[in-house]
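Given chain A, work out where chain B should sit, using these hints.
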Amino acid sequence: QKEVEQNSGPLSVPEGAIASLNCTYSDRGSQSFFWYRQYSGKSPELIMFIYSNGDKEDGRFTAQLNKASQYVSLLIRDSQPSDSATYLCAVRGRTGGGNKLTFGTGTQLKVEL
Amino acid sequence: GAVVSQHPSWVICKSGTSVKIECRSLDFQATTMFWYRQFPKQSLMLMATSNEGSKATYEQGVEKDKFLINHASLTLSTLTVTSAHPEDSSFYICSAPRPAGKTGELFFGEGSRLTVL
Chain A
1 QKEVEQNSGP LSVPEGAIAS LNCTYSDRGS QSFFWYRQYS GKSPELIMFI
51 YSNGDKEDGR FTAQLNKASQ YVSLLIRDSQ PSDSATYLCA VRGRTGGGNK
101 LTFGTGTQLK VEL
Chain B
1 GAVVSQHPSW VICKSGTSVK IECRSLDFQA TTMFWYRQFP KQSLMLMATS
51 NEGSKATYEQ GVEKDKFLIN HASLTLSTLT VTSAHPEDSS FYICSAPRPA
101 GKTGELFFGE GSRLTVL
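Chain order of the listed sequences is A and B.
Residue numbering for the first sequence follows our numbering, beginning at 1 and increasing consecutively.
Residue numbering for the second sequence follows our numbering, beginning at 1 and increasing consecutively.
FYI, nobody ran anything at the bench for these hints, they're computed from the structure.
Don't take every hint at face value.
[To be verified] In silico EDC-like links for lysine to aspartate or glutamate, alpha-carbon gap of 16 Å or less:
no. : chain 1 : residue 1 : chain 2 : residue 2
1   : A       : Lys-67    : A       : Glu-5
2   : A       : Lys-42    : A       : Glu-5
3   : B       : Lys-41    : A       : Glu-5
4   : A       : Lys-67    : A       : Asp-55
5   : A       : Lys-110   : A       : Asp-83
6   : A       : Lys-100   : B       : Glu-105
7   : A       : Lys-67    : A       : Glu-3
8   : B       : Lys-66    : B       : Glu-52
9   : B       : Lys-64    : B       : Asp-88
10  : A       : Lys-100   : A       : Asp-27
11  : A       : Lys-42    : B       : Glu-59
12  : A       : Lys-100   : B       : Glu-59
[Stated by the list, open to error] Distance windows between CB atoms, simulated:
no. : chain 1 : residue 1 : chain 2 : residue 2 : range
13  : A       : Gly-29    : B       : Ser-18    : 24 to 34 Å
14  : B       : Glu-63    : A       : Glu-5     : 25 to 35 Å
15  : B       : Met-45    : A       : Ser-52    : 20 to 30 Å
16  : B       : Cys-13    : A       : Lys-42    : 16 to 26 Å
17  : B       : Gly-53    : A       : Lys-110   : 38 to 48 Å
For every residue, glycine included, the Cβ atom is placed at its ideal position computed from N, Cα and C.
If we strip away everything but chain B, and leave its shape as in the complex, we get:
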């Protein structure tokens, strides 16, 4: 079945540095990918919709200059957390819709746990 791979699975960085997270669709093409963030004991909150070949669409309250999204190919989307601060520490999860799916099912990557010191 369709698989979404995310890398790295965990990362620790110093405050003020930038971190890039990659999301790949392994055996299908994804013109759209979704980036979610999940704080402990909370639900998944959609941050942005990544669109291949065009600008990402950000949800209200999400800073586009802080969370840079690049969807350069049909199988790769990247999220860069710029000038990271401890409050950015969270579980970041990407997802892609089932190919040719009509119901909207999403396949999730393994997630990336970011810890900012």
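One chain only, chain A, in its complex shape:
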């Protein structure tokens, strides 16, 4: 089992719709969870992080964490063509493991006009 799993996609949504990106992780002791956006040929940029169960909202983005189910998701409301990118889920392990992040393979999102 991979440590961090994501559906590779592509996930296609029409402009203005809600895009839902999902991620599961295997280490139940994981502490923090991150969503990064990566445009083709560029390095990742942080969208948001979450470390408590529940929802965290930031503008059009909402991260959802369910530690019991070992599941974290990212919702993008009012999707725009500029949101088309690969979204990487990253997980920070147990305390004492340093700041090492483990990344999923990413989900490619396509927002269509």
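Same frame as chain A, but now just chain B:
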């Protein structure tokens, strides 16, 4: 905000030569930096953790003699790909943790695309 700068952004070299990639934290000190490698359509794979003033910690399967890491100061880490071969062609990305951060957020450099002919 904190910025990590990486240089060069792309490099082409001949097989058998060595290539050095620099990673700098521009307005903060980083005692630890991380080097990732990303092949096309794949995720970021951690290669090694660079520690200022001490030896780097390499992930399983990464050859430390091939990928030399030097973290000589609190703002600079370098990755040298020695005796490069075409299979080393990849996107190399460095990162540093947010200063005084507790959540583990990483700031990424711009990445360096290496092509070995």
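Proposed proximity, Glu-59 (chain B) with Lys-42 (chain A) (alpha carbon, max 16 Å): violated (23 Å)
Given pair status - Asp-55 (chain A), Lys-67 (chain A), alpha carbons within 16 Å: Roughly 12 Å between the alpha carbons, so the hint for Lys-67 (chain A) and Asp-55 (chain A) holds.
Pair hint Lys-66 (chain B) and Glu-52 (chain B), alpha-carbon separation not exceeding 16 Å: violated (20 Å)
16 Å limit on alpha-carbon distance, applied to hinted pair Lys-67 (chain A) and Glu-5 (chain A): Since the Cα atoms of Lys-67 (chain A) and Glu-5 (chain A) sit roughly 15 Å apart, the hinted pair holds (cutoff 16 Å).
Cβ distance range 24 to 34 Å for Gly-29 (chain A) and Ser-18 (chain B), holds or violated: violated (40 Å)
Assessment of proposed distance window 25 to 35 Å (beta carbons of Glu-63 (chain B), Glu-5 (chain A)): holds (28 Å)
Pairwise hint evaluation, Glu-59 (chain B) against Lys-100 (chain A), where the allowed Cα distance is 16 Å at most: Holds: Lys-100 (chain A) and Glu-59 (chain B) sit about 11 Å apart, inside 16 Å.
Agreement of Lys-64 (chain B) and Asp-88 (chain B) with the hint, judged by alpha carbon distance not exceeding 16 Å: Cα-Cα ~14 Å, so holds.
Hint consistency between Lys-41 (chain B) and Glu-5 (chain A) [alpha-carbon to alpha-carbon, up to 16 Å]: Holds, at roughly 15 Å.
Hint check for Lys-110 (chain A) and Gly-53 (chain B) - Cβ pair distance inside 38 to 48 Å: holds (45 Å)
16 Å Cα cutoff - pair Lys-67 (chain A), Glu-3 (chain A): holds (14 Å)
Met-45 (chain B) versus Ser-52 (chain A) beta-carbon gap, inside 20 to 30 Å or not: 28 Å Cβ-Cβ, so the 20 to 30 Å window holds.
The structure is inconsistent with the numbered hints 2, 8, 11 and 13, although it conforms to all the rest.
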